[in-house]
Amino acid sequence: MSAGLVQVFFVAAGLVAVGIFAAAWRRDLTAALAGIPLMFGGAAVALVGIARFSAAGGPHLFGQGFAVLLAISALALVALGIGISGREGSR
Amino acid sequence: MDSLHAIGFYVSSGVLLAGALGVALLPGRGQRGAALGVAGLGLAGVFLFLSAGFAAGIALLCYAGAAFLVAAPQYRSVENVASATWRQLGAIGAAGLLALLAYSAFRGDFASATFYGGAFGVAALGRLMFAHDALAVEAVALLGLVALGGATAAWRARERGR
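Just so you know, the sequences run in chain order A and B. Numbering follows our numbering, with no gaps: position 34 of the first sequence is 34. Numbering follows our numbering, with no gaps: position 9 of the second sequence is 1009.
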């Protein structure tokens, strides 16, 4: 049994699609916000896969570094969205 | 990639996609938060089996934080103004994108290279992030600062308006 870049891309595609589905399908915008980490996660999986299987020359860990930044950005965007939506009963 | 790593990759991918589907489909906030935590665990596993141990640790922390935020009971629900038709079109678009990406991955011809990094690679990643890509790291740090500052300011403005 083995896994390669194609399998990694399948997982990444599934994650991005599920994230977009969650963001589009949810009636509650704060629930739709949870799709952002999934989409960013899909992109990060693809980048880490490229760094693992296809990066040659230059900074070959660029994909991993970008994946770290994407994870932090996803958390920041969720925090911002939740903060903007406000607390229950504050209006 | 040897068999053990491949099995770990496929199991982690299954956990990741199951958690992601839970985030998309489960009804309660607590359930969605737990599903996002499971997705984070699966994502960390995928990174780990792709020899990105440091990214796995960071992803685990960030997704646990996001899961905690999504599961919190205090925040207010904001109703989506888009009609059901647009939401259904968005869902169909997501399915179309999945088909397109899967087709591209299946038909694509990719370069292959030998991976020389270790399982964790913290030193090389640190050199990359704080020397080669320092500007991008600064930009993300600024985004985090603005996000937390903006969230705090928005929350305080609403509290003052009560």
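I should point out that these hints are in silico values taken from the structure, not numbers from a laboratory. Keep in mind the model is a prediction, meaning the values are calculated, not measured. Even for Gly, the Cβ is constructed at its ideal location relative to N, Cα and C. Just so you know, not all the hints are guaranteed correct.
[To be verified] Which stretches of chain A does chain B cover? Using the computed rule of at least three CB atoms under 8 Å from a CB of chain B, they are:
1. 11-19
2. 24-31
3. 38-50
4. 61-71
5. 79-86
Evaluation of the provided hints:
no.: 1; hint: 11-19; verdict: holds (count 9)
no.: 2; hint: 24-31; verdict: holds (count 8)
no.: 3; hint: 38-50; verdict: holds (count 6)
no.: 4; hint: 61-71; verdict: holds (count 9)
no.: 5; hint: 79-86; verdict: holds (count 7)
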